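Student: Sequence:
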Amino acid sequence: MASVSFEKRGGKRLARVWFEIDGNRKSIRLGEISKRNADTVLSHVRELEACKRIADKPDPRTRGWLNEITDEFHEKLAEAGLIPHRDRRTVKQFFDDWASDTRIVDNSRRNRRNTVTKVIEAFGAETALRDVSPEQADRFFADMTDRYSRAHANKITKRTRQVFAKAVRLKIITDNPFADIRIGDESNTDRQVFVDAKTIEKVISEATDNEFKLLIALARYGGLRVPSEIVGLKWGHVNWETSRIEITDTKRKRTRIIPIFEELRPHLEAWWWDEASDGAEYVIPSYRDANRNIRSRLIRTIKRAGLTPWCKPWQNLRSSRETELADRFPIQVVTAWIGNSVAVAKRHYLQVTDGHFDAASGAGGGAIVVQSGANTVQSPQATNSTEAGKTDVSSIVPVYSTVPAPHEGFEPPLRIEKSDVLGR
Numbered sequence: 001m002a003s004v005s006f007e008k009r010g011g012k013r014l015a016r017v018w019f020e021i022d023g024n025r026k027s028i029r030l031g032e033i034s035k036r037n038a039d040t041v042l043s044h045v046r047e048l049e050a051c052k053r054i055a056d057k058p059d060p061r062t063r064g065w066l067n068e069i070t071d072e073f074h075e076k077l078a079e080a081g082l083i084p085h086r087d088r089r090t091v092k093q094f095f096d097d098w099a100s101d102t103r104i105v106d107n108s109r110r111n112r113r114n115t116v117t118k119v120i121e122a123f124g125a126e127t128a129l130r131d132v133s134p135e136q137a138d139r140f141f142a143d144m145t146d147r148y149s150r151a152h153a154n155k156i157t158k159r160t161r162q163v164f165a166k167a168v169r170l171k172i173i174t175d176n177p178f179a180d181i182r183i184g185d186e187s188n189t190d191r192q193v194f195v196d197a198k199t200i201e202k203v204i205s206e207a208t209d210n211e212f213k214l215l216i217a218l219a220r221y222g223g224l225r226v227p228s229e230i231v232g233l234k235w236g237h238v239n240w241e242t243s244r245i246e247i248t249d250t251k252r253k254r255t256r257i258i259p260i261f262e263e264l265r266p267h268l269e270a271w272w273w274d275e276a277s278d279g280a281e282y283v284i285p286s287y288r289d290a291n292r293n294i295r296s297r298l299i300r301t302i303k304r305a306g307l308t309p310w311c312k313p314w315q316n317l318r319s320s321r322e323t324e325l326a327d328r329f330p331i332q333v334v335t336a337w338i339g340n341s342v343a344v345a346k347r348h349y350l351q352v353t354d355g356h357f358d359a360a361s362g363a364g365g366g367a368i369v370v371q372s373g374a375n376t377v378q379s380p381q382a383t384n385s386t387e388a389g390k391t392d393v394s395s396i397v398p399v400y401s402t403v404p405a406p407h408e409g410f411e412p413p414l415r416i417e418k419s420d421v422l423g424r
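Just so you know, we're using our numbering here: the sequence shown kicks off at 1 and counts up by one.
Read the hints as simulated data drawn from the structure, not as lab findings.
This one's a predicted model, so the numbers in the text were calculated from it and none came from an experiment.
Ideal Cβ positions, reconstructed from N, Cα and C, are used throughout, including at glycine.
Incorrect hints may appear among the rest.
25 Å max Cα-Cα, derived DMTMM-like pairs, lysine to aspartate or glutamate [stated by the list, open to error]:
id: 1; residue 1: LYS171; residue 2: ASP56
id: 2; residue 1: LYS118; residue 2: GLU79
id: 3; residue 1: LYS35; residue 2: GLU72
id: 4; residue 1: LYS171; residue 2: GLU75
id: 5; residue 1: LYS57; residue 2: GLU47
id: 6; residue 1: LYS76; residue 2: ASP56
id: 7; residue 1: LYS57; residue 2: ASP87
id: 8; residue 1: LYS171; residue 2: GLU49
id: 9; residue 1: LYS8; residue 2: ASP22
id: 10; residue 1: LYS171; residue 2: GLU47
id: 11; residue 1: LYS253; residue 2: ASP289
id: 12; residue 1: LYS312; residue 2: GLU47
id: 13; residue 1: LYS118; residue 2: ASP56
id: 14; residue 1: LYS76; residue 2: GLU135
id: 15; residue 1: LYS92; residue 2: GLU68
id: 16; residue 1: LYS158; residue 2: ASP96
id: 17; residue 1: LYS76; residue 2: ASP106
id: 18; residue 1: LYS198; residue 2: ASP209
id: 19; residue 1: LYS57; residue 2: GLU20
id: 20; residue 1: LYS118; residue 2: ASP190
What follows is a list of derived Cβ distance ranges for each label pair [to be verified]:
id: 21; residue 1: SER100; residue 2: ILE257; range: 44 to 54 Å
id: 22; residue 1: ASP71; residue 2: ALA142; range: 48 to 58 Å
id: 23; residue 1: LEU14; residue 2: ALA165; range: 34 to 44 Å
id: 24; residue 1: SER100; residue 2: GLU72; range: 32 to 42 Å
Using the sequences and the hints, build the whole thing.
Tutor: Here it is as C-alpha cells:
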C-alpha cells in the first residue's frame with residue numbers, strides 16, 4: 001500500500017510518496033510540502049494504485065484532482081505508470097478530426113463542420129480539451145439557446161456532448177463537461193408543413209423539365225432523401241415487373257426496397273421515355289453534383305405555382321409522404337419504405353393534421369384524410385379523399401400497370417439491367 005516518508009535535507013523537510021506497480025516499489029518526490037498536503041497526495045495515489053491493480057476507473061474525487069494538478073506532476077505520475085500520459089489535443093484538433101470522418105456522407109460532414117465552427121468560437125481553437133469546464137459547457141448551451149431555436153440549440157449541444165464523450169472513451173479527458181446538461185428534444189414541430197397531393201402536383205406542373213418533375217415526385221411520393229438518395233439511383237434499380245425500386249441509403253450505408261407508388265409511376269414513366277431510352281444509366285443524372293443548389297430551384301418552382309415556399313422544402317415533402325403512408329399501412333412497413341426508425345419517424349416526421357381531428361370528431365365522416373394539416377400548403381382546388389385512409393389521386397394522374405410504349409410495336413424491358421442500358 002502507498003505511503004509517505006519525510007527526510008531532512010539542507011534544513012528542509014522533503015516528502016516522498018511510495019507505491020507499488022506490478023510488484024515493483026516506486027516513489028515520487030513531492031518536495032517541501034505540509035503533512036496535510038502530503039496526506040492529500042497519498043490518498044489519491046492509493047486510489048490510483050488500487051485502480052491500476054484491478055484495472056478500474058478512479059473515483060470522481062481523484063479524477064477531479066488529476067484534472068487540476070500541474071502538467072509536471074501529472075507527467076511524474078504517468079512516468080511511474082500510475083496513469084496514462086496527459087493528452088494535450090486542442091478543441092480544434094479533436095473536433096476537426098471528428099468532422100472530417102470519411103466514413104460519413106458529405107451532408108453529415110457539412111453538419112458536423114457547422115458544429116465545429118460554433119464550438120471553436122465558444123472555447124477557442126488552441127484550448128486543450130481537458131481545459132473545457134462544466135461552467136463553460138453551461139454557458140455554451142445557454143448561448144446556443146439564445147441565438148437559435150431550442151431544437152437547433154439542442155442538436156448542436158447534443159453533438160458537442162457526444163464528441164466530448166468520445167474523448168472520455170479514448171481517455172483523452174477524464175470527465176465530460178457536458179455530462180450533466182439536460183438537453184431537450186431536437187424536433188421542431190413549428191417547421192413541419194404538410195404538403196398535400198393537389199399542391200405538389202401544381203408545383204410539379206410548373207417544373208420546366210421531366211427530370212425535375214420526377215425529382216420532386218421522388219421526394220413527395222417516394223419519400224426519398226434529397227439529394228443523398230438521388231445521386232446513386234440508377235435505372236437498373238427500377239424493377240417494372242414487380243413495381244419496386246431499390247434505394248441506396250447513403251446515410252446508413254445500406255439499401256431498402258420501396259414500391260413504385262401509384263402517384264410516382266406516371267412521373268417515372270414520363271422521364272423514362274425522355275431519357276432512359278437514349279442510354280442513360282442514372283435516373284436523375286443532372287442533379288448528382290452536390291454543389292448544385294436544388295433547394296433554390298424548388299423554391300423558384302413553388303413561387304411559379306403561385307404558392308408561398310414552405311420551411312425545409314425537401315424534408316417536408318418526405319415528412320408529408322411518411323405521414324400519409326402511416327394512415328394507410330402499419331408503422332413497421334412505413335419506416336422500412338422511408339428508411340428511418342419508428343422513434344425517428346415519430347420525433348421528426350409524422351405530423352398531426354386537420355384530417356385526423358376531422359376523423360376523430362366525425363367531421364370527416366370517420367375517414368382519416370391527410371390532405372390538410374395545422375401547417376399545410378394546400379392548393380385552392382384541394383379536395384378530401386373519397387376512400388377511408390387513402391389519398392384520391394385518380395383525378396391527378398393516370399395509373400398504368402405496365403410501362404406504356406411510346407410507339408406501336410415497342411416493348412420495354414420488364415427488368416432494366418445495367419447492361420441493358422449501357423448496351424443501347
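Student: Given the hint that LYS158 pairs with ASP96, test it: the Cα-Cα distance must not exceed 25 Å.
Tutor: Status holds; Cα separation ~17 Å.
Student: Is LYS57 close enough to ASP87, meaning Cα to Cα at most 25 Å?
Tutor: 17 Å, holds
Student: Check the hint pairing LYS76 with ASP56 against an upper bound of 25 Å on the C-alpha distance.
Tutor: Holds: LYS76 and ASP56 sit about 20 Å apart, inside 25 Å.
Student: Can the restraint linking LYS8 and ASP22 be considered satisfied, given a maximum Cα separation of 25 Å?
Tutor: 30 Å, violated
Student: LYS118 and ASP190: Cα distance at most 25 Å?
Tutor: Satisfied, since the Cα-Cα distance of roughly 24 Å is no more than 25 Å.
Student: Has the given pair, LYS118 with GLU79, been kept, meaning a C-alpha gap of at most 25 Å?
Tutor: 36 Å, violated
Student: Starting from LYS171, check that the Cα of ASP56 is at most 25 Å away, please.
Tutor: Between LYS171 and ASP56 the Cα gap is close to 13 Å, so the pair holds against 25 Å.
Student: Assess, step by step, whether the Cα of LYS171 is no farther than 25 Å from the Cα of GLU49, and give holds or violated.
Tutor: Holds, because 18 Å separates the two Cα atoms, which is no more than 25 Å.
Student: Do the Cβ positions of LEU14 and ALA165 conform to the proposed distance bound of 34 to 44 Å?
Tutor: 41 Å, holds
Student: Does LYS171 pair with GLU75 here, judged by a C-alpha cut-off of 25 Å?
Tutor: The given pair, whose Cα atoms are some 15 Å apart, holds under the 25 Å limit.
Student: Please work out if LYS171 and GLU47 have their alpha carbons no farther apart than 25 Å.
Tutor: Given pair LYS171, GLU47 holds - Cα atoms ~18 Å apart, limit 25 Å.
Student: Check whether the Cα positions of LYS312 and GLU47 lie no farther apart than 25 Å.
Tutor: With a Cα-Cα distance of about 53 Å, the restraint between LYS312 and GLU47 is violated, given a limit of 25 Å.
Hints 2, 9, 12, 13, 14, 17, 21, 22 from the list above are not met by this structure, while the remaining hints are.
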